[in-house]
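K.L.:
Turn these sequences into a full structure, and let the hints guide you.
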Amino acid sequence: MPTVAAASDLKFALEEVAAQFERESGHKLRLVFGSSGNFYSQILQGAPFHLYLSADEDFVFRLADAGKTVDRGRLYARGRIGILVPHGSPLRADGELKDLAAALRDGRLRKFAIANPEHAPYGQRAEEALRHAGLWQAIRPHLVLGENISQAAQFATSGSTQGGIVALSLALAPDVAKLGDFALIPEAWHRPLLQRMVLLKGAPPPVREFHDYLSTTAAQAIMVRYGFATPRD
Amino acid sequence: MDWQALVLSLQLAGVTLLVLLPLGLWLGRWLAYTTFAGKAVIEALVVLPLVLPPTVLGYYLLVSMGGASPLGRWAAETLDLRLTFNFTGLVVASVIFNVPFIVQPVQRAFEAIPRQLTEAAAVSGLGWWPTWRRVELPLAWPGILSAMVLTFVHTMGEFGVVLMVGGSIPGETKTIAISIYDRVQAFDLAAADRMAWLLLVLSLGAVTMSFFASARLAARR
Amino acid sequence: MTMHLEVEQAHPLPLSGAFQCEPGELLALVGPSGAGKTSMLRVLAGLVRPHCGRVQVGDEVWCDTAAGIFVPPQQRHVGLVFQNYALMPHLSALDNVGLPLLHLPTAERQRQARRWLDQVRLSEAQQNRRPAGLSGGEQQRVAVARALAREPRVLLLDEPFSAVDQMNRQGLYRLLADLRRDMAIPIVLVTHDLHEAAMLADRLVVMDAGQVLQQGPPAAIHRAPRNARVADLVGIQNRFQGRWLGPCGQSGWGLLQWSAEATTAAPAGDVPPPPRLRVRDKGRIETGQSVHWVLTGDAVTLVDRPAQAGGEFAAVVTEARPLGDITLLALALQAVPGVVLRLTLSGPQRLRIEVGAALTVCLDLGLAHVMPVRGR
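Chains as they are written, first to last, in the working numbering: chain A, 1 to 233; chain B, 1001 to 1221; chain C, 2001 to 2376.
What the hints contain is simulated information worked out from the structure, not anything from laboratory work. Note that CB positions come from ideal geometry on N, CA and C, so glycine has one too. Hints should not be assumed to be uniformly reliable.
Label pairs and their calculated CB-CB ranges [unchecked claim]: (1) 1010/B with 205/A: 30 to 36 angstroms; (2) 2084/C with 1019/B: 57 to 63 angstroms; (3) 1218/B with 22/A: 26 to 32 angstroms; (4) 1059/B with 221/A: 40 to 46 angstroms.
P.N.:
So, in structure tokens, the structure goes:
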């Protein structure tokens, strides 16, 4: 059974693309979502994935160096992060994070969710953005770490935190969008999220087809709808 | 409702029980009947999975059985068998993780049989098989039943080890517990709620029935 | 078929001794708790493999450590009645008795089991009940029936009287008597109750601390215990110290000094010299040796006149304890200060005796038995 390992920020976007691919080609795919870093470790340990969509191209390059991949992969999207604030939170969705700074000073902020910077690319970028805004040291004691960006988004909207930094692609999903307000954080504040995918050795033909399908206009259109910038932009 | 995940969990619980039952019966009985230097070590090893965090077990299984390990590579090359990220790997992890759940109640059940009864059977001319069938098994049965139910229910609820060793692959390693976790992350709380309820009802029902059965069996004495 | 047992081991339990039991004979193993009596029974049954020992019944050698032979209990035909009966709680009395009969087809097995249960006088209703629904005495009878159903070569009973009330005890005596009469097999019974042992058994084996001290008919042991320990274990109350003075001229008799002190010590002040008694000489004791000696209850009688002949002593009652039909007396003898003579009185004479009364005690010294100290 062809299996695709995809970063959590692709959850809604990729499911739509895969559904379309299934309708058009008749091939069924198994999608597994999680943290890019976790997938990287698992693939090194021999996990049976055929296509890897990472939120950070660095993991792809390392896998290629380890000889696990067919080639050095292809950029499929550029991701963005932003601040997500659930309805009823004392925070405001301010993409420049000025409100966040104020909230830290006046005590409105108790808990703030990001993905784990150790192995989640969206978490790393969140840290970089917070450092850029000079808030990292102050906010560290308040951080709640999600195992991947999906879990971070879940924490951010659960009501147990006052908000968090999540992926644009998740914030645009209807299930998430209805739960709060979102504002983009300037892309210059962090290293770009160059999302790269790669076929792994032993990938069967249906997966190769899917890999190629992801670069078609149809697929790209869906991705753009979920806020992914095309790699060329 | 992720029926595939539910079926997978039931399969995992069933296979684990099938593998562990003979092992648990043999080990539990042996520990109940024999004393020897170093018995405490064996008993500690049996209890270890109870007190060990699932992540520790998962880590060691990955490192020792995974594709990068000598054992994993050998199994892949000679037996064409992978031991992680598939159902087989889950079974291995589950069997190790459930040892205390099967062995301890079985051991207690055999310990509770007064030594004089097996001696009386011996003196009455019964060999080991008739003694087992007519004396030991009927008397230990409530404990054995309890061990089986505990093991089954515990496997249904396994999470940490499965996550580390399984990889959450639908139809292969995505058990119902993992599915609940996944649904929550996907903001599909309705599905998560349904599955959580199902697991709760199943587990509670099974354990209640097991206690009920044990009490009735004990009352018949 | 005669049963022989020899055991000699130091661990895990010290166990040492040998005895045998003839078919139709009832042998009682007696001794205090922890004496090793039950262990001996378990060696006989094959539940314990001795470090060094031998068990033979008739022609069958059940255990011979020297030859490396050990027959497991399943293959010995023993009937063992456990102290706590060891009935299977989940089986009816009938099925319990059917356990040794599993080699028979079901119908025949049930028929024979019923027969054994009828023999121990259990009603049909009781036969179908589980042990929990039977009284202690009934459970014991089921245990006996199960042991008998094995058609054993030897019947072993472990403390059969300990948990049984008086009424059931009588029934058990009758049952044992019937078994002895009807089955020509050796019967070995373990008990710490000396009176019952003496009453029921043909022979006693006295044990203490794992060792067989003496064996023989109860009366013989009472009359001639081998040493002070045996005398204590069989409940002989009048045990004294003394010194053997050697033959006294008449063949077969010797002189016993009733005190342990050396004869050369000069009597101090007005303490009377210890009496010298004429007792039987069995030729086993050296002159001048310290000894213990005993008098059985029959040897002590009270007379109404002042002391005259040798063997009669003036005494004063120091204790008189009435206990139902008997009175326990303790007497102090003027001639032997510090010695207490005990006597159990029954009958009308006891009613006249009070503490402080002066009496004459008559000792039948022909029944005195002398034992060397630290001898076996």
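K.L.:
Are the hints correct? Go through all of them and say.
P.N.:
To see whether the hints hold, each was checked on the structure:
no., hint, in the structure
1, 1010/B with 205/A: 30 to 36 angstroms, "holds (33 angstroms)"
2, 2084/C with 1019/B: 57 to 63 angstroms, "violated (39 angstroms)"
3, 1218/B with 22/A: 26 to 32 angstroms, "violated (56 angstroms)"
4, 1059/B with 221/A: 40 to 46 angstroms, "holds (42 angstroms)"
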